[in-house]
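As they're listed, the protein sequences go chains A and B.
First residue of the first sequence: 8, per the working numbering; consecutive thereafter.
First residue of the second sequence: 22, per the working numbering; consecutive thereafter.
Since the hints were made in silico from the structure, they are not lab data.
Heads up, some of the hints might be wrong.
[Unchecked claim] A short, non-exhaustive set of chain A residues, derived as facing chain B with CB atoms under 8 Å:
1) Gly26
2) Gln28
3) Val29
4) Ala65
5) Lys68
6) Trp76
7) Lys164
8) Thr168
9) Gly169
From a predicted model like this one, the values you see are computed outputs, not experimental measurements.
We put the beta carbon where it would ideally sit given N, CA and C, even for glycine.
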Amino acid sequence: MASGKSILVDTSKCTACRGCQVACKQWNGLPGTKTEQLGNYQNPQDFSADTYKVVRFADGKLENGKPYWYFFSDMCRHCLDPPCVDAIQGYVDGGAVKDEATGAVTYTDKSKEAPFDEVRSSCPFDVPRQNEKTKVLAKCTMCIDRITHDRPPACVKSCPTGAMIFGERSQILDLAKKRVEELKKTHPKAEALKADEVRVIFVVTDEPKKYHKYAAG
Amino acid sequence: MTNHFIDLQHADVFLIQGSNAAENHPISFKWVTKAQERGAKVIHVDPRFTRTSARADVYAALRSGTDIAFLGGMIKYILDNHRYFEEYVKNYTNASFLVDDKFGFDDGLFSGYDPNTRKYDKVSWAIKRDAGGIPERDMTLQNPRCVFQLLKKHYSRYDLEKVSSITGTPVEDLKTVYELYSSTGVKDKAGTIMYALGQTHHTTGVQNIRTMCMVQLLLGNMGICGGGVNALRGEPNVQGSTDFAILYHYLPGYLAAPRASQVTLEDYLKKNTPKSTDPRSANWWQNYPKYAVSLLKSWYGDKAAKENDFGYEWVPKLDDGQDASVMYLFDQMYEKKIKGFMCIAQNPACSLPNSNKVRKAMANLDWFVHVNIFDNETASFWKGPGMDPKKIKTEVFLLPASASVEKEGSQTNSGRWVQWKYQAASPPGDAISTGDIVYRIMAKVKELYKKQKGGRFPEPILNLKWDYADEKGNFSALKVAKAVNGYFLEDVTVGDKVYKKGDCVPSFALLQADGKTSSGCWISCGSFAQDGTNLMARRKKTDPTGLGLYPEWSWAWPVNRRIIYNRASVDLEGRPYNPQRAVLAWKDGKWVGDVPDGPWPPMADAEKGKYPFIMKPDGVGSLFGPGLGDGPFPEHYEPVESPLPKNLMSSQLNSPIIKLFKGDCDVYASCNPKYPFVMSTYTCTEHWCTGGITRWQSWLTEAQPQAYVEMSLELAHLRGIKNGDKVKVESARGSLECVAMVTPRFRPFKVDGQVIHQVGMTFNYGWLFPKDCGDSANLLTPTVGDGNTMTPEYKAFMVNVTKA
Numbered sequence: 008m009a010s011g012k013s014i015l016v017d018t019s020k021c022t023a024c025r026g027c028q029v030a031c032k033q034w035n036g037l038p039g040t041k042t043e044q045l046g047n048y049q050n051p052q053d054f055s056a057d058t059y060k061v062v063r064f065a066d067g068k069l070e071n072g073k074p075y076w077y078f079f080s081d082m083c084r085h086c087l088d089p090p091c092v093d094a095i096q097g098y099v100d101g102g103a104v105k106d107e108a109t110g111a112v113t114y115t116d117k118s119k120e121a122p123f124d125e126v127r128s129s130c131p132f133d134v135p136r137q138n139e140k141t142k143v144l145a146k147c148t149m150c151i152d153r154i155t156h157d158r159p160p161a162c163v164k165s166c167p168t169g170a171m172i173f174g175e176r177s178q179i180l181d182l183a184k185k186r187v188e189e190l191k192k193t194h195p196k197a198e199a200l201k202a203d204e205v206r207v208i209f210v211v212t213d214e215p216k217k218y219h220k221y222a223a224g
Numbered sequence: 022m023t024n025h026f027i028d029l030q031h032a033d034v035f036l037i038q039g040s041n042a043a044e045n046h047p048i049s050f051k052w053v054t055k056a057q058e059r060g061a062k063v064i065h066v067d068p069r070f071t072r073t074s075a076r077a078d079v080y081a082a083l084r085s086g087t088d089i090a091f092l093g094g095m096i097k098y099i100l101d102n103h104r105y106f107e108e109y110v111k112n113y114t115n116a117s118f119l120v121d122d123k124f125g126f127d128d129g130l131f132s133g134y135d136p137n138t139r140k141y142d143k144v145s146w147a148i149k150r151d152a153g154g155i156p157e158r159d160m161t162l163q164n165p166r167c168v169f170q171l172l173k174k175h176y177s178r179y180d181l182e183k184v185s186s187i188t189g190t191p192v193e194d195l196k197t198v199y200e201l202y203s204s205t206g207v208k209d210k211a212g213t214i215m216y217a218l219g220q221t222h223h224t225t226g227v228q229n230i231r232t233m234c235m236v237q238l239l240l241g242n243m244g245i246c247g248g249g250v251n252a253l254r255g256e257p258n259v260q261g262s263t264d265f266a267i268l269y270h271y272l273p274g275y276l277a278a279p280r281a282s283q284v285t286l287e288d289y290l291k292k293n294t295p296k297s298t299d300p301r302s303a304n305w306w307q308n309y310p311k312y313a314v315s316l317l318k319s320w321y322g323d324k325a326a327k328e329n330d331f332g333y334e335w336v337p338k339l340d341d342g343q344d345a346s347v348m349y350l351f352d353q354m355y356e357k358k359i360k361g362f363m364c365i366a367q368n369p370a371c372s373l374p375n376s377n378k379v380r381k382a383m384a385n386l387d388w389f390v391h392v393n394i395f396d397n398e399t400a401s402f403w404k405g406p407g408m409d410p411k412k413i414k415t416e417v418f419l420l421p422a423s424a425s426v427e428k429e430g431s432q433t434n435s436g437r438w439v440q441w442k443y444q445a446a447s448p449p450g451d452a453i454s455t456g457d458i459v460y461r462i463m464a465k466v467k468e469l470y471k472k473q474k475g476g477r478f479p480e481p482i483l484n485l486k487w488d489y490a491d492e493k494g495n496f497s498a499l500k501v502a503k504a505v506n507g508y509f510l511e512d513v514t515v516g517d518k519v520y521k522k523g524d525c526v527p528s529f530a531l532l533q534a535d536g537k538t539s540s541g542c543w544i545s546c547g548s549f550a551q552d553g554t555n556l557m558a559r560r561k562k563t564d565p566t567g568l569g570l571y572p573e574w575s576w577a578w579p580v581n582r583r584i585i586y587n588r589a590s591v592d593l594e595g596r597p598y599n600p601q602r603a604v605l606a607w608k609d610g611k612w613v614g615d616v617p618d619g620p621w622p623p624m625a626d627a628e629k630g631k632y633p634f635i636m637k638p639d640g641v642g643s644l645f646g647p648g649l650g651d652g653p654f655p656e657h658y659e660p661v662e663s664p665l666p667k668n669l670m671s672s673q674l675n676s677p678i679i680k681l682f683k684g685d686c687d688v689y690a691s692c693n694p695k696y697p698f699v700m701s702t703y704t705c706t707e708h709w710c711t712g713g714i715t716r717w718q719s720w721l722t723e724a725q726p727q728a729y730v731e732m733s734l735e736l737a738h739l740r741g742i743k744n745g746d747k748v749k750v751e752s753a754r755g756s757l758e759c760v761a762m763v764t765p766r767f768r769p770f771k772v773d774g775q776v777i778h779q780v781g782m783t784f785n786y787g788w789l790f791p792k793d794c795g796d797s798a799n800l801l802t803p804t805v806g807d808g809n810t811m812t813p814e815y816k817a818f819m820v821n822v823t824k825a
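This is chain A alone, in the form it adopts within the complex (with noise of 0.2 Å):
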């Protein structure tokens, strides 16, 4: 089993609060881009080079008619076997790098001479994005600045409830798991999303698909 690092994402204790979307955009100096209500809470629409983080917000109606309304606090999953990796590395040597002691996956000012849309597309989330003045890719890092300074990711940090969870993969897996089972009491369909090749880890009640069109890849 991979050791470093890993994220546990609740969905079930999530309040949309997006403190973690906020603090993501703070500690990575990122700006507030513009956006227009468009009909749902959520904002932005998407990741772009200037957000790494996105909490998604999804409602509609259950089987029993009564409405459900679904968040999902949306970011790079750090795979432990990254085709994003892969797919810049191809290109460029040194676009791209896995931190070997945590695990976190980053681009470098190098990314931009990789083709973005082969990375992007490789990524089975949807996550990376690109810079369209400097071209540089961009994405969540972790915040491994602050992870390798034994302080917890910037979302992370700023979770009121206890929704995501910062810590050793194992103790994380362990934390998932744990979890699942609880939920499975009143939420047949609760399920830890590709837990054995991410290192952020979302727990979920129900469809994967009700959440967000790449929840689980």
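The hints should help you fit chain B onto chain A, whose structure is shown.
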């Protein structure tokens, strides 16, 4: 809050009603989530399925403005099914008290109503007393004139079908909520109620909350760990501003504002000091004179003496019957009777009801001083929509203030914890703290009064003690805080303890009515130790009870008590009802645990024992509450603007004591086909109130950029509106354009056999910035308020929605 944030983790069942806690008090959900991990259940009752509903175990929808019907049905359910905590109800509430024979209720009105004055003569709303003034009781609760039986009779009308036909809540959902919440009416279960402005913003707002208190008293949930009635207050300091009387009708520490007919201090004290002859009632408010005199000593210092009524004459008086609440204030301004206006840290042009009227009113001013950290729609009203700056004579001064983190001082959270904070950063440019601004202006006014003869009513100005500067001459928040706590002004001996002149008074129990102590707010007395140590600055994490009371973290009023009415958490012998979560216990002749509500032994001590609800003259919780203007039992009335032509409970359509404004802007349209949809206003996580602060923050406007109106799929279909369309929302008072948010989270209600649609908007926007964000939802809201408090009815009124 009767309890505090951390205590929420101990609840077994949550009733969140009139609150969107997850969105508007995100940190409260740290503790709600923790309780859920333990197996606690969360009920959310709200017209709209919100982020709070998404985390709730049970969600029940109700039509805005029908909370009393919903909770009245709960009271009936609790009584019919014997879900109440009998021992508690008998001993700690006035259930057993007998009520005056002339008291009655008929077709929506209580006895004593005068339709001409729209007021009640409350003489019949009285408890029967024996010759010694002690309440007459029937401990079997069988006497038809006892409170318990009258309560039962009153709410017998609130059956499931009737409630459902008013609230629009399906009967099955009502049953689920009543069953689950009333499961806490036992010794070892705790139910907590969390509410906020969804309860208060109604013409029946006070009675909404009273109904919650009654539910909690019946279930024995007051005073216990994990229980209580918990008002979630706004950040950063709404609780603090209430404690310090930033309202017209009372003075700091919830003392009454004097009225013109109370000419002498004696008149004032006589009117406001309750009496009890019951030796078992502590009747804590009997100490009123000590708090009032200490306040006057704090204001007027040496100039306040027994001979001059401690300067009582200098305190401004309201006329008898005068309402000087904010809607009246702006009404007077609209009528050109108010010429000058100081507005500090507010945005009334967007936050008050009927914003068009408010904005027009300000154009009648000669001068206007606005103190804020940013420009807003109020400061810039003269260049707003429909305004011609050339025609507006108002001279506007904008004074830049420091933000909360740019100043030292105290902040009081909803749980009454008063936490001292240091200055984290210096304010930019010329900005200074609002305290400093007020301090400098008043110092200048005093100086002018001294220099120039003929200033009107000079005594209160010249005699005001105004010495809150530090050695460098700068305003000192610490000095103000110490004056608020209070000092011994002479050497005082209490029991065998001597307090020296100049010592801080370490507890309000030591305040005096003879002028030997001062205190600017008696409930804050004790925030400093006798030696001047600032207890609000404490940050120790010791937790002796293991319940998270953290008695050495900051300081809580009153006297560092973390759960108020805590003597109701024990039985007559002083044994905790729930030993697993013992707030208090009587052990070896003393109380152990939280700071008890008074030192007296438990009730079983026939000689020294006292009732637990020490702030009530009779010492018990009031199921029958004659103190309010609109009745001793809460009764359902329709909002002033309602979709119904009649009240399904009685012939009395609206609250009988509310007053309507009669100006040309004050129009109301109830049950009018032009405005067929119920509307509610609210806020969201991302913006704070009118957005006056948050709209300048790009990460927040990115997340919530523009005004929107939420509506059901059914309503959208009816009006041919698609999600994201531009729509026009219109009330009898105004209209605006915004974006349609069509969502299954709003559903039509079935009310009295017909389909009623409800929509909702946040009031987070204004025309100033960003330019394309839309204007305030308060252009639509009606100028009408609660009959007791004048809190505006922001939460239930009628609109039309059409495609723009």
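Verification of the supplied hints:
no.: 1; hint: Gly26; in the structure: holds, 7 Å
no.: 2; hint: Gln28; in the structure: holds, 7 Å
no.: 3; hint: Val29; in the structure: holds, 5 Å
no.: 4; hint: Ala65; in the structure: violated, 11 Å
no.: 5; hint: Lys68; in the structure: holds, 5 Å
no.: 6; hint: Trp76; in the structure: holds, 4 Å
no.: 7; hint: Lys164; in the structure: violated, 13 Å
no.: 8; hint: Thr168; in the structure: holds, 4 Å
no.: 9; hint: Gly169; in the structure: holds, 6 Å
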